[in-house]
Amino acid sequence: MTTKRKKLVLVGNGMAGVRTIEHLLKLAPDLYEITVFGAEPHPNYNRIMLSSVLAGGASMEEIVINDLGWYRDNGITLHLGRTVTEIDPGNRKVYAEGGIEAAYDELIMATGSNAFILPIPGAEKEGVIGFRDIKDCQAMQEASRQHKKAAVIGGGLLGLEAARGLLNLGMDVTVIHINEYLMERQLDRPASIMLQKELEAQGMKFLLKKQTESVLGKQRAKGLLFKDGSMLEADLVVMAVGIRPNTALAQRSGITVERGIVVDDYMRTNLPGIHAVGECAQHRGIAYGLVAPLYEQGAVLAKRLAGIETGGYEGSVTSTKLKVSGVDVFSGGIFVEPEGARSLRYQDEIEGVYKKLVVLDDRLIGAVLFGETGEGASLFSLIKSGESIAGREKELLLGLPADALSSGGGGGGASARLEAMPADEIVCGCNGVSKGDIVSAIEGGCTSLGQVKGCTKASASCGGCKPLVEGLLQIYAGDDVVTVKEGICGCTSLSRDEIVAEIKRMGLKTVKEVMNVLDWNNEEGCSKCRPSLNYYLGMLFPAEYKDEKESRFTNERYHANIQKDGTYSVIPRIYGGVTSPTELKRIAEVAEKFAVPLVKFTGGQRLDLLGVKKEDLPGVWEALDMPSGHGYGKALRTVKTCVGSTFCRFGTQDAMGMGVRLEKAFERMNAPAKVKLAVSGCPRNCAEATVKDFGVVAIDGGWELHVGGNAGVHVRATELLGVVKTDDEVEEWASAFLQYYRENATWNERTAPWVERVGLTHIKSVLDDEEERKALHARLRDTLDRTVDPWKQIVNEPELRKNFEKLPAAQAVPAAKESGERTEEESA
Amino acid sequence: MRPLTGKVRVGSLNDIDPQGSRRLNVNGLEIALFRLSDDEILAVENRCPHKGGVLSEGMVCGPVVHCPLHDWRIDLRSGEALAPDKGCIETFETEVAADGTIFLTLDGSAQSSAAGPDSHSA
Ligand code: SRM
Ligand SMILES: Cc1cc2nc3c(=O)[nH]c(=O)nc-3n(C[C@H](O)[C@H](O)[C@H](O)COP(=O)(O)OP(=O)(O)OC[C@H]3O[C@@H](n4cnc5c(N)ncnc54)[C@H](O)[C@@H]3O)c2cc1C
Ligand code: SF4
Ligand code: FES
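So the sequences go chain by chain: A and B.
Each step along the first sequence adds one to the number in my numbering, with nothing skipped, and position 366 is 531.
Each step along the second sequence adds one to the number in my numbering, with nothing skipped, and position 117 is 231.
So that you can see chain B by itself, here it is in the shape it has in the complex (with noise of 0.2 Å):
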């Protein structure tokens, strides 16, 4: 298979509680989709930039996710961590249709570095 880029669907607003988080698998990265208390979707790469936290289980504030692990925050929309840390994660292009189904656009780099299984066709 190859490696899905592009525009893709994920899901919708109702998978997804108002300053919740869920996980999603694309191309053997995880991918953390937030929802704002405003029912902006977010998604960023699941993993804090501090220690690889899974932010997906962080509380989140505005714009903002606190990772569950050492309560680094980290600005959903930028992907950078707020001061006085410092570090980035990746942050993805998201859409919200009216029917609240959620689109996410990857490109090329939505992919883990390491060759997952399916990054070879049989």
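Okay, chain A solo, but in the shape it has when bound (with noise of 0.2 Å):
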């Protein structure tokens, strides 16, 4: 005899509530025929990463949690598109769109939140949206292809994730705050101050302590008015200002509602049979706004469902990832220190780095970390278990290593702690993995990061979690742990440092070979480790390697650079940013002859040629008859100079002369990454020196040499490397400089961060030693007398230069010779 299975309907197929049904089959998979219904016209997706998708990093595809097979597969009803609008509790029925109804004895209402939009004049008008779900993220995509200027309300995690995905689209983007810092609901004022600083630099503009008054516009928003009457223009608006609660089929049908439907610490409503799950319930007062919490929440509501004994909910201590790149934030617990409570701060405006604890009586109640956020996860959990952490506050603070904690006594440490982590609490918070399902996991054979990741999803999304599931490999996993080394790039383990010492080992000599004695798992390796390896072999055998150009980036192949719709920019080379009228008379007749399309200084005081087409560039080449500027290349780009003492008042040294002098002497020579000099004629240093790999700045009687420096990406200024006489050894010093960074930088690493890695003590105990100097120096000087001009090269050379035509026109084939063989013959 078979029961008769309880009929169980969700309201809301969203993250919450789909999660409590997963739960619920594995506990009870054949206690009940299940209903869903979701407003979206899309099966369970991961909310949390519309961010993502907005900002580029993932498709809509990848960020469905269950998919419809799904669903068929566990035999759930699904109504995708259809809200329910009316619950009849007496009858125990729900009625949705579509004259769909159904009947229940155990309701999940699990509606989610809604955008808040601000009641303020033109909200409705076209052109202002919120930021919640699939339909949200498409209109911003859509926006950002026909329109420049967005606006961004609010100023709090999902604001500035919405504003830096804007940026992403390529929009031109503000975000507007009441409060005069951001993100005060997670940070304190130092941390939110290091955020926006940050956030600046990446290009997002803020308007601070702004209360928007209405939005302007006919039909599409054009602007915002503020309170204080100043405007924006902006064409998109997007509201991030808070979520409500959806509450309003709830309240329709008697269920009690204040912020939130209101549940006990069963999860259950005032009525019978009906529950509540996710941002829609307010537990205890709270109405939380994250996905652990909701998780938590499911857990136990699928207990109770399944008529498994269970403990109640109690409430959960939250913790907050920003999901921006190139920023680190972490947020968790209570963050502002209540009544008798201490805190200790690290404060380190070089690094960006802040970090915030705060304790009450010995236990750590919260944690704000900026820049470097990798403990995290391990004090959310300390948080958490409420432990006693006297004595390792100072420990905790500066982010001891965790096995250095654990050793550290006092009460079990990182280890103990994820050992008594009971087996139902959520590790991943991101995608809902709890400590049983990594264990699991692991019991089940998985050894590394990867494959927990792979079995489980935990660390997936945010990686935050990461820490705590290599403790728990530790633990379960034991001996068997494999820590996979990453190499180079996908296609080998092995490390720059042991590439080399292999090819010197063995006498490697082409990248075919190295890929094969060295076990390459791509037979023909990658866009990364190709390139790289054809540095290597260039650079520790300049006489006997062939440069392969099938291994060099299309720039370096091309020899200039490739624009975003094929064609190429040519920057012939004006040693010191020096020209002449006749030169620059040359220069224009090309660019006339040529038809190029613009022709612009650069940044780096010479003339570009942009938009010229493939097939015309040995024909430049070839009527400029300049050598190539390398503006494309791993190699030496520019020599900035000053007019330095030839004309210059406070003029000290012939700055012109030496940047000349130099850009001759290193001109054509390859790099692990770009390399940029300059010449200042005196300390007021017009040539920019002290942000360049190598800058010269002159001083009465002598020139001071800086290394290390960098404008680009991250601006480092340079770092002092000595302070030398004459002219010639300005070059000496420059030239073994160049040359240990080319022997030893790894491949696309600038002297800023190598300089940074290794450490100028030890760069200047090796340049110091006068006979290394010399000796670096001559290498230098042998490999760069090897090399030719690569413009002059390709025009003269027939071979090279066929790659830049197109093939002839097609031939039709005579249809009786088609079968054949092969035809000699030529078509009439």
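Hints were generated in silico from the structure; no laboratory data involved.
All values derive from a computational prediction rather than experimental measurement.
Heads up, a few of these hints could be off.
Here are the simulated BS3-like cross-link-like pairs (lysine-lysine), alpha carbons at most 25 Å apart as the crow flies [to be verified]:
1) A/K693 to B/K165
2) A/K290 to A/K370
3) B/K200 to A/K729
Computed list of chain A residues with no C-beta within reach of chain B, every gap over 10 Å [unchecked claim]:
4) G240
5) F371
6) L373
7) A413
8) S418
9) T421
10) V501
11) E663
12) E715
13) T811
14) C813
15) V878
16) V888
We put the beta carbon where it would ideally sit given N, CA and C, even for glycine.
Each chain sits in its own coordinate frame; assemble them with the hints.
This is the structure we're talking about:
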């Protein structure tokens, strides 16, 4: 005899509701006949990842958690795009759009929240949206194609993630925030200010302490008017000012609603058989807006529905991470000191790191981390466990690794904490993976982080829980743990140094040989390892090695810079930025002759001919009859100069002369990354030498040598290598520095990070040794003397030149010949 | 001129360097011919499914080309972008005769969608 299954209806096909069903199916697969209503036309997807979808890091398909097959396989009746409009608690029935109805024994309300739209004049205009679902995401992507200026109202987590996404979509984005600092619900002031600076560096603009009065525009939004009378132009307005639990249906149906649907510790509402989970529910006065608490609620409800004994839900401590690339922010627990609490702070404005721990009665109750967030997950589990941290506060603040902590005594460390963690505690908040799930994956044979990630998805989204997963691997896989070493790319597990050592030891001579002998797992490598191997071989064997153009990036293969439409740009070398009327005339004539679309002064004191067709490149070079400026290569780029003592009233030395000399000495030099030099005639430094890879600044009677500067993505000022007297010494030191960099840096590593990595003291100690310095200088000279100008070479060698031309028109093959082995005859 | 269809002769193996590529216009469409390291010749529409990058300029690794603009990887045999990216371009059947002559088979679809200057006869 089969017992009749009970009927379970879920209203709201989102993260919390479906998670509860998944859990229930694991505990009691046959207990219920399940019906799900979802207002959105999509299966359950990972709402968190909408930020990544918007920012271009994930596709819509990738964020689906349960595809339609899952519903089918589990016998769930799914009504997509059907909003439930009425509940009849007396007859235990729900009614939805399209005349659909369903009876229930148990009903779960999981209707989530709605984006809160400020009730201001104009809020209904076209182009004003929230950021909540796939539809909003598509609306933003659509808007970015037609419009330029976006305003995001709200400087909280959601607003900043929306703004970052819109920046990626190429929009000019301004974030408007009512408070005087950003993310005030997660961050304290110092962290918030550091965050703002970082985001400004990424191109985001801010208007703080601004209250929006109305949205301007006719049918479509055109701008915003603020209370203080000022205005901002904007043709897309995203409101990210908060969320409101979606309670209208519950309220209509006689369910008690305050801020959210009021539930007890077992997620029960006031009406029999009706439960609520997720953002729509209000538990002990709190309606949560993050997934981790929702999953905890879902676990309790699933057990109740499965008839399994369980303790009630007691509320959650929450933590957040901002999902904006390049910015690491973590916040957990109570981060503003309550009465009686004390705090520890660490602030390093040089590295951009800020940490704050809030301690009450020897227990950690909150933390804010900026810049370095690796410890976030372990601090968060300390906050949740509530154990005493007496005596360990400083260690925690300064962030010692987990094993250092566990050996530190004092009431059990990280591993004891992980061991004590209950099996159903959520480790990965993004994907709702519990400790139990991870342990069973390990027991089922997963021995590396990658495998656990593959089996359970733990740490597959934001990665914040990686240290915890690693900790669990240590405990439960013990000796079997495999730490997979990361190589220079996916094709190998070897590091740069190991590869170079093997090349030297075995005398490997071609890229192919290196890949074969060192067991590459992609026979022909990839766009990362091929160019790096080509560089290392050329650097090690300047005499024998024949450069492989097929292992170079497009730009270096064609000696010009590819543009987005497939044309190229041409920058001839203009030594030290010093040119002549004749040279300028010639450049002008060439530009006219080849109808070059744009001529521009570069930021490197020379001229750029942009938009040249590939087939015209050799002709342009020939007509210019100037050497390549290597504006496309991992090579010496420019040597910028100022006028120096030749004309300037402050100049102490001939900066132009020195610049030209250095550029002639090092032109055509390949390097791990591009190399830029500059020479200034006095410490006013008009050539900006202190943000160059090698900068020379003249002083009365000598030259200062500066190294390791960068003005690109991460601005870094140079460090002083030393002071020398003569021009020859400048060249010798520059040469030795550059060669030492060439021989030791990793491919694609510019001098700035390299100097930082190995330390100036070390570099100095090598170069101070006169013998060594002269040897380095000689090795670079020998390398450079073997190079030739690539443009001339291509112009003169038909075999190279052919690659710039298109193949001649295709010729039809007469039908009769088609099946023939070959055809020698010309077609008629 | 009517568009070319069926088998056409497009050049010879020596015209293309190993792991290199040459471009070719047929019926208003730009095609990239690639020569793999084992001398296999593959032909595809010269347009990355991502943002239209010119694939002929990319680095060839096995039967895959890396787009020069944003490094998507395109399988030259199937025309499909490799995961995690998604997209597809047209591929053309090729044949290399013993003397190195390269043939391409064009079906009706090898035309640019916009009517080019040579799509009507004077
Ligand atoms: C043409 C020029 C812009 C201009 O019109 O002024 C330029 C153009 C490009 N720069 Fe630049 N940079 C130019 C001066 C600079 C400068 C200023 C300078 O050299 O004084 C910097 C900052 C200084 C520095 O490098 O420290 C600069 C920092 C970058 C960076 C960031 C590098 C970094 O280490 O952070 C990149 C990205 C990269 O190299 O990966 C970049 C990349 C590029 C590329 C090559 C992007 C690319 O891969 O396609 C641009 C090519 C445009 C094109 O289609 O032709 N460009 N670029 C400048 C050429 C100077 C020259 O005469 O050779
Ligand atoms: C862009 C973005 C980024 C986020 N990032 C994070 C993050 O990094 N970390 C984090 O923890 N949280 C994050 N969140 C919050 C997280 O996504 C939510 O907390 C979570 O999705 C809430 O789950 P839920 O099931 O309660 O609601 P939802 O996932 O919203 O599901 C509710 C569903 O019910 C449907 N519905 C409503 N009414 C009805 C009805 N009457 N009939 C039928 N269906 C109905 C809705 O259409 C919706 O699909 C983010 C949210 C957004 C929007
Ligand atoms: S030229 Fe430089 S700064 Fe300008 S868009 Fe290109 S890479 Fe960016
Ligand atoms: S256009 Fe090819 S990768 Fe972007």
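A quick look at each hint next to the structure:
With a C-alpha separation of about 21 Å, the suggested pairing of A/K693 with B/K165 holds against the 25 Å cut-off. Between the alpha carbons of A/K290 and A/K370 the distance comes to roughly 23 Å, so the proposed pair stays at or under 25 Å and holds. A distance of roughly 20 Å separates the Cα atoms of B/K200 and A/K729; the hinted pair therefore holds under the 25 Å criterion. With a closest Cβ-Cβ approach of about 31 Å to chain B, A/G240 is found to remain outside the 10 Å limit, as its non-interface label requires.
Non-interface call for A/F371 relative to chain B: holds, since the shortest CB-CB distance, roughly 29 Å, exceeds 10 Å. At roughly 35 Å from the closest C-beta of chain B, the C-beta of A/L373 stays outside 10 Å, upholding its exclusion from the interface. At the 10 Å boundary, the C-beta of A/A413 stays outside the reach of chain B, the nearest C-beta of that chain being 38 Å off. Interface exclusion of A/S418 from chain B stands, the closest Cβ pair being 43 Å apart, more than 10 Å.
Residue placement check: A/T421 keeps its beta carbon more than 10 Å from all beta carbons of chain B (closest about 46 Å). With 10 Å as the threshold on Cβ separation, the claim that A/V501 sits away from chain B holds: the shortest Cβ distance comes to roughly 41 Å. Look at A/E663: its CB is around 22 Å from the nearest CB on chain B, clear of 10 Å, so calling it non-interface holds up. Consistency note on A/E715: stated as away from chain B, yet its beta-carbon is not over 10 Å from all of that chain's, at 4 Å minimum.
Chain B leaves A/T811 outside its interface by the beta-carbon criterion, the shortest separation being 42 Å against a cut-off of 10 Å. Every beta carbon of chain B lies more than 10 Å from that of A/C813, the smallest distance being close to 43 Å; the non-interface claim holds. Remark: the non-interface label on A/V878 is consistent with the geometry, its nearest Cβ contact in chain B lying 17 Å away (cut-off 10 Å). Separation of A/V888 from chain B is adequate, the least Cβ-Cβ distance of about 43 Å exceeding the 10 Å criterion.
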